[in-house]
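Novice: Start from chain R and add chain E according to the hints.
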Amino acid sequence: MSFVEFKNVFKRYKMGEVTIAASDGVSFEIEKGEFAVIVGASGAGKTTVLNMLGGMDTCDEGEIFVDGKNIAAYSKKEMTRYRRQDIGFVFQFYNLVQNLTAKENVELATEICSDAEDAEEVLRQVGLGERINNFPAQLSGGEQQRVSIARALAKSPKLLLCDEPTGALDYNTGKTILKLLQDTCREKGMTVVVITHNQAITPMADRVIKIKNSKVSRVTLNENPVPVETIEW
Amino acid sequence: MKKRLFLNTVRSLKNTKSRFLAILAIIAIGSGFFAGVKAAGSDMKKSSARYLDEQGLADIHLLSELGFDDEDVSAAENAAHSDEVYAGYSAELVADGGELDGKILKVYSYDPDSGINKPYLVEGRLPEAPDEIIADERFFNASTPNVGDKIVLKTGDDREISDYLSNTEFTIVGKAKSPVYIAYERGNASIGNGVINGWLLIPEENFAYDIYTDVYISLAEADGVDPYTEEYENIVEKNTKVLEKLAETQIEHRKGIILDEAYEEIDDAKAELADAEKELADGEREISDGEKEIADHEKEIADGEAEIAENEAKLADAEKEIADGRKELADGEEEYNNGLEAVPALDGLAEYLNGIVAAYGNSSVTDENAVNEVVSTLETGGLFTVDDTLKQLLTAYMMTPPGYDDDAKTAAGQGISQYAAGISAQARELENTLAESRIRLDNAKTELDNAEAELASGRQEIEDAKQEIADGKAELEDAKAELADGKAELEDARTEIADGKQEIADAEQEAHDAVDDAEWYVFDREYNPYYSHYAEDCERVDAIAAVFPIFFILVAALVCWTTMTRMVEEQRTEIGTLKALGYSRFTIISQYILYAMAASIPGGFIGLLIGFNTLPRVIFVCYQSMYSQPYLISEFRWDYAIGCIVAACLCTGLSSLYASRQELVSCPAQLMRPKPPKDGKRILLERIGFIWKRLKFTTKVTYRNLFRYKARLLMTVIGIAGCTALLLTGFGLRESITAIVDRQYGDIFRYDAIAAVDDSDGEADYEAVSADCADSGIVSESKLVMQITEDIRNVDGDSYETYLLVPDTNDNFGDFIDLHERVGKAPVSLGGGVIIGEKLARLLGVSVNDRVYFGESTVPVAVDAICENYTFNYAYMTKETYNKLGMDGFSGNMFLLDMTDTERSDELSEKLLQNDDVLAVTYSEDGGDKFRDLVDSLSLIVVAIIVSAGALAFVVLFNLSNINVNERIRELATIKVLGFYDGEVAAYIYRENMVSTLMGTAAGLVLGIFLEKFVVKTAEVDAVMFAPGIPVYCFLAAAALTLAFALLVNITLYFRLKKIDMATSLKAIE
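Protein chains in written order, with the numbering used here: chain R, 1 to 233; chain E, 234 to 1303.
So here's chain R without its partners, still in its complex pose (with noise of 0.2 angstroms):
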């Protein structure tokens, strides 16, 4: 079985009169330690199968297994010890609480997980060694993506989802943020989830997913995924 299993799921929606399938079917699989994207336009639906995936909402039908067990199955509380011990997710606001400094923020999800690294090394990690007192203002776009991805990777998740990380980003910042991405995979074994409406990253990911019309059109496996730095969009 692969790490993560999508298995026929629906999500319908109840807009008055008129039933919505915001997921209609979905099936796809990701294998541990790969770097995947899921890719489609606004309103496609990708984002339901994020949510779905966060443990952040429930499928009405089929099921999700990630390593193993049907998370679909899972009750709320079963639900929310899932993303703390095992889901890491970066926004595309990058969701800092604007009160708390860089190590703060990281440790606000450090407090609860229970095999979580040290706060300040994971910052080194991702190259903000230096910022780690300053508070969201204080910080960059990229810098503060980087916060988040610290506090994902801080509690050394299964999987790592990522919600458009570049969305509000500039080209460049955007991309280095992919490279850190990228290299956590590499590096750490992390299975990492980007989605993104950016066809042009596809190539960097080992697996890419298409979703079109709230379903899977196509899943796509690259046997040489590229570096980062060599895409250009």
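Hints are computed from structural coordinates only; laboratory data are not their basis. Every value quoted in this text rests on a predicted model; they were computed, and no experiment measured them. Where hints are given, some of them may not hold.
Only pairs whose alpha carbons sit at most 27 angstroms apart, straight line, appear in this in silico DSSO-like list of lysine-lysine [unchecked claim]:
(1) R:K14 with E:K1292
(2) R:K179 with E:K1300
(3) E:K1291 with E:K929
(4) E:K706 with E:K525
(5) E:K1292 with R:K77
(6) E:K339 with E:K408
(7) E:K933 with E:K1292
(8) R:K69 with E:K1291
(9) E:K1292 with R:K76
(10) R:K103 with E:K933
(11) R:K158 with R:K69
(12) R:K77 with E:K929
(13) E:K1058 with E:K1246
(14) R:K77 with E:K1291
(15) R:K76 with R:K7
(16) R:K103 with E:K926
(17) R:K14 with E:K1300
(18) R:K215 with E:K1300
(19) E:K1300 with R:K210
(20) R:K76 with E:K1291
(21) R:K77 with E:K1300
(22) E:K236 with E:K250
(23) E:K1300 with R:K76
(24) E:K1300 with R:K158
(25) E:K351 with E:K387
(26) E:K943 with R:K103
(27) E:K929 with R:K103
(28) R:K14 with E:K250
(29) E:K1291 with R:K14
(30) E:K250 with E:K1300
(31) R:K212 with E:K1300
(32) E:K1300 with R:K175
(33) E:K1291 with R:K158
(34) E:K1300 with R:K103
(35) R:K14 with E:K247
(36) E:K351 with E:K279
Specialist: Below, chain E without anything else, positioned relative to chain R:
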């Protein structure tokens, strides 16, 4: 406003439901509470006014010891501008038999046609037949008889029931409230234990009175005038004055009649007495005449007796004389008889001698014996003594022998013959003498016989006189006895007359006593103390109502401001867009104003509707335990309503203006960019490393967050502080009032009861009352004091009314009233000055050693000490000090009593009231109870305060937490994504809430101290000092309740947090 924009506003209302509702709620709570409490006072007054008007409570009630007759009634009717006058009867009677046996009832006459003091029927119907009556709903509710049952009445003293009523058995056909009894108190009775339990209305034809006992007047001018206004007071005062003036003259009318009646009898008695006195005088004169007569008679008798004695002496003399005479006579007779015998003897002797001569003329004898024989013969019979010559002659003659010497012999013979002749002559002489003696003797005899006859008649006379005197004496004795009887009779008559006089004097005194002090008592409604209490209570509610709106307005403004600020912030982009589209500032603002109004106006109305309909009712129910106002008219007060809503609109409108001020001046481009999130900052606490380092990470976050949003923190603190302060005020107020009872009637007034003594005549027998107390076995100690109401002035002339209490002696005074300072409880004792209560000292602005004056006295008295005192104003001084003031003399008018068993109060009353000098016995426990009732009713107001404070705390905390959550929803969603459990997410927010709540609570406790002081000052009346200081438990309770409210908010918040959608974290920043 443009249609679309309007639509936008309406939709935004829908989309921000909780925010909208928060504003609506705070406005509703604020205006509802304010208007409700505010209306309560006036609603209660208005209801009372309506009730009293509909039942026709008399404006003026006349009473007099002498009662009233028709002339009095019409005089009163004409003097006052009266609408209607009802003259009726009342009496204190006692229920006979049944469950109520022995209960004292006040009985009033009932006239179905009278519009004055009409009963307010609660049950049953009005009387139609003479034996049908209405009973006091309050008293008879608690006990049978019920409607349809019978009740029998008797008197409570030794008078006959027929003096009062012509019928004694009645059927209760209805139960009612009476406007006369505004409160639960039924007044004092002059019989039994002195407490009236309830009242009855009995059709007036049952009353057996000649004169009316009560006159009730309804004033024409006061018709339709609100009785709680100055206008009403003025009208009543004017008429009261008129009636008081009338009373001065009109009382003479009844006095005259009563005195006339009394004097009719007295005059008869006097006439009788005068007759009796005349008779007495006659009798006295007669007796004195009799006495004189007796005296005369006695003198006469004495004279008679003296005469008799004299005569008897004379008689005795006469008798003696007679006896002497007789003896003389007898001697004379004897002599005569001897003489008679001597004559022949002498003749014989002469013969013998002659014989001798003859014999011896011629013879002689030799023997001498013959001579001797002759001699002895001659001498025999003693008639003749032979002398020597004769003897010699004889011898010579006889012995001379014849012849011997014949010459001698013849001479001798011749001598002897001569002798014989001599003897014969003697005999002849004797015969003559005898004849003479015979005549003389016979004369003497006749004389003697006459004297004896005279003597006998004298004797007879004396006997007669004696008899006469004895008779006189007996007569006199009789007369004397008669006189003594007469005198005794007279004495009786005199006593009788004196008694009669005393009786008449007594009767006169009585008649005068009965009328002298008699007067008309003109009572207006204010004389019923509960009437003014009711008004005061209403005003107190008003005063409290005046305090709280400040908080509610402040808090409402704060809530509106934060809410609108948040809203404007959220709609920043929209404002920018609108501006860019060319909408004017005014149009954009009007959106928010509209939003504010949309919350304020309905919120205000909802609050007003609820407030007007519930709070007056709640407060009314509280007071209903004390007052018998049957219903409450609660009206929608447009004046308050408009005021509230305008205030609410201003409050929300201005706060939206203030909140949007920055957005409105900013240019559209600036607005359309997201507002940079508020920077994180290090807080002051972090600089104190040793503390900061020790804090847990989550605690650090809490503190950072708290100080990051200072405005919101401030608001929470203010809101919570307000809540806590209100709660503390509520509890403190309750405690301040509650403590009064125990402190005043427990710590200060140590006596258990007061026996009021009537010393109006200055002749109260204090020893007897004191002895009665001691004999009762229930009183351990008693103390005579004088308590009077007197004005007390300071040097500036500010004057307050106070009770002046002067003990007869200072010994053991502390056993009855413990005078001490409030702070430190140091005892103070009566000295040369005066001790005054704390409140009085505060009112007068005097402290120890300052001078005060009493009443009309110009003698200054130094304040010796200021003592703890709560209810009414008291001043204490010694009798010596009092006497120096130059006011009326000391006249004890009550005994303070310490009881051995306070349970036996009924028994004590009964015992003491048997003494006519004792007017009434009251118990401190009852005084305390009365106050306790008042406290209980105030407690419910405290509950209202607590409820509203809770609502306030809830709305503030909820709204602010809500805004907090809204503002930080992204952060919360993120930490949820990070895997925080629901509880941890909640705790993340709770910690902040708890800290701000604790800060608010602490601030509120401090603020509450001041607020409580303020409210106490507002609600306190001159006659009461609320116990200052708030006990610790109040602080604890206020804090605990605030925290409980905060907890409640946190619980509701928990569900809100649970509902936060994690997907929010993925959304773009607005």
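Novice: If a hint holds in the structure, say so; if it does not, say that too.
Specialist: Each hint tested on the structure:
1. Restraint check for K14 of chain R and K1292 of chain E: the C-alpha separation of about 18 angstroms stays at or below 27 angstroms, so the hint holds.
2. A hinted pair counts as satisfied when its Cα atoms are at most 27 angstroms apart, and K179 of chain R with K1300 of chain E qualifies at roughly 24 angstroms.
3. At most 27 angstroms may separate the alpha-carbon atoms for a hinted pair to count; K1291 of chain E and K929 of chain E meet this at roughly 24 angstroms.
4. Pair hint K706 of chain E plus K525 of chain E holds up; C-alpha atoms about 15 angstroms apart against a cutoff of 27 angstroms.
5. For the proposed pair K1292 of chain E and K77 of chain R, the alpha carbon gap of about 14 angstroms is at most 27 angstroms, so the pair holds.
6. Under the criterion of a C-alpha separation no larger than 27 angstroms, the hint pairing K339 of chain E with K408 of chain E is consistent with the structure, at around 15 angstroms.
7. Between K933 of chain E and K1292 of chain E, the direct Cα distance comes to roughly 26 angstroms. Compliance with the 27 angstroms bound is thereby established for this hinted pair.
8. Taken as a hint, the K69 of chain R and K1291 of chain E pair is honoured in the structure, with Cα atoms around 25 angstroms apart against an allowance of 27 angstroms.
9. About 12 angstroms separates the Cα atoms of K1292 of chain E and K76 of chain R, which keeps this hinted pair within 27 angstroms; it holds.
10. Of the supplied pair hints, the one linking K103 of chain R and K933 of chain E holds, its CA atoms being roughly 13 angstroms apart against a limit of 27 angstroms.
11. Of the pairs offered as hints, the one joining K158 of chain R and K69 of chain R holds, with about 12 angstroms between alpha carbons and a cut-off of 27 angstroms not exceeded.
12. For the suggested pair K77 of chain R and K929 of chain E, the alpha carbons sit about 25 angstroms apart, so the restraint of at most 27 angstroms is met.
13. Straight-line distance between C-alpha atoms of K1058 of chain E and K1246 of chain E comes to about 22 angstroms, which keeps the hinted pair within the 27 angstroms bound.
14. With a C-alpha separation of about 12 angstroms, the suggested pairing of K77 of chain R with K1291 of chain E holds against the 27 angstroms cut-off.
15. Between K76 of chain R and K7 of chain R, the direct Cα distance comes to roughly 20 angstroms. Compliance with the 27 angstroms bound is thereby established for this hinted pair.
16. Between K103 of chain R and K926 of chain E the alpha-carbon distance is near 14 angstroms, which keeps this suggested pair within the 27 angstroms criterion.
17. Annotation: proposed proximity of K14 of chain R to K1300 of chain E holds, straight-line Cα distance about 20 angstroms (limit 27 angstroms).
18. For the given pair, K215 of chain R sits about 22 angstroms from K1300 of chain E by alpha-carbon distance, which is consistent with the 27 angstroms threshold.
19. For the hint linking K1300 of chain E to K210 of chain R, the alpha-carbon distance of about 21 angstroms falls within 27 angstroms, and the restraint holds.
20. Our distance criterion of 27 angstroms between C-alpha atoms is met by K76 of chain R and K1291 of chain E, whose separation comes to about 11 angstroms.
21. With a CA separation close to 24 angstroms, the supplied pair K77 of chain R and K1300 of chain E stays within the 27 angstroms bound.
22. Restraint check for K236 of chain E and K250 of chain E: satisfied, since their Cα atoms lie roughly 21 angstroms apart, inside the 27 angstroms limit.
23. A threshold of 27 angstroms between alpha carbons decides the hint, and for K1300 of chain E with K76 of chain R the separation of about 22 angstroms falls inside it, so the pair holds.
24. For the suggested pair K1300 of chain E and K158 of chain R, the alpha carbons sit about 24 angstroms apart, so the restraint of at most 27 angstroms is met.
25. Straight-line distance between C-alpha atoms of K351 of chain E and K387 of chain E comes to about 25 angstroms, which keeps the hinted pair within the 27 angstroms bound.
26. Distance check on the hinted pair: K943 of chain E and K103 of chain R sit about 24 angstroms apart at the alpha-carbon level, within 27 angstroms; holds.
27. Of the pairs offered as hints, the one joining K929 of chain E and K103 of chain R holds, with about 14 angstroms between alpha carbons and a cut-off of 27 angstroms not exceeded.
28. A threshold of 27 angstroms between alpha carbons decides the hint, and for K14 of chain R with K250 of chain E the separation of about 22 angstroms falls inside it, so the pair holds.
29. Proximity of K1291 of chain E to K14 of chain R is assessed by CA-CA distance (about 21 angstroms); at most 27 angstroms being required, the pair is judged to hold.
30. A hinted pair counts as satisfied when its Cα atoms are at most 27 angstroms apart, and K250 of chain E with K1300 of chain E qualifies at roughly 21 angstroms.
31. With a C-alpha separation of about 20 angstroms, the suggested pairing of K212 of chain R with K1300 of chain E holds against the 27 angstroms cut-off.
32. Restraint check for K1300 of chain E and K175 of chain R: the C-alpha separation of about 22 angstroms stays at or below 27 angstroms, so the hint holds.
33. For the suggested pair K1291 of chain E and K158 of chain R, the alpha carbons sit about 26 angstroms apart, so the restraint of at most 27 angstroms is met.
34. Note on K1300 of chain E and K103 of chain R: the hinted pairing holds, with a Cα-Cα distance of about 24 angstroms set against a maximum of 27 angstroms.
35. The suggested pairing of K14 of chain R with K247 of chain E holds, with an alpha-carbon distance near 20 angstroms, which does not exceed 27 angstroms.
36. Using a Cα cut-off of 27 angstroms, the hinted pair K351 of chain E and K279 of chain E holds, with the two alpha carbons roughly 18 angstroms apart.
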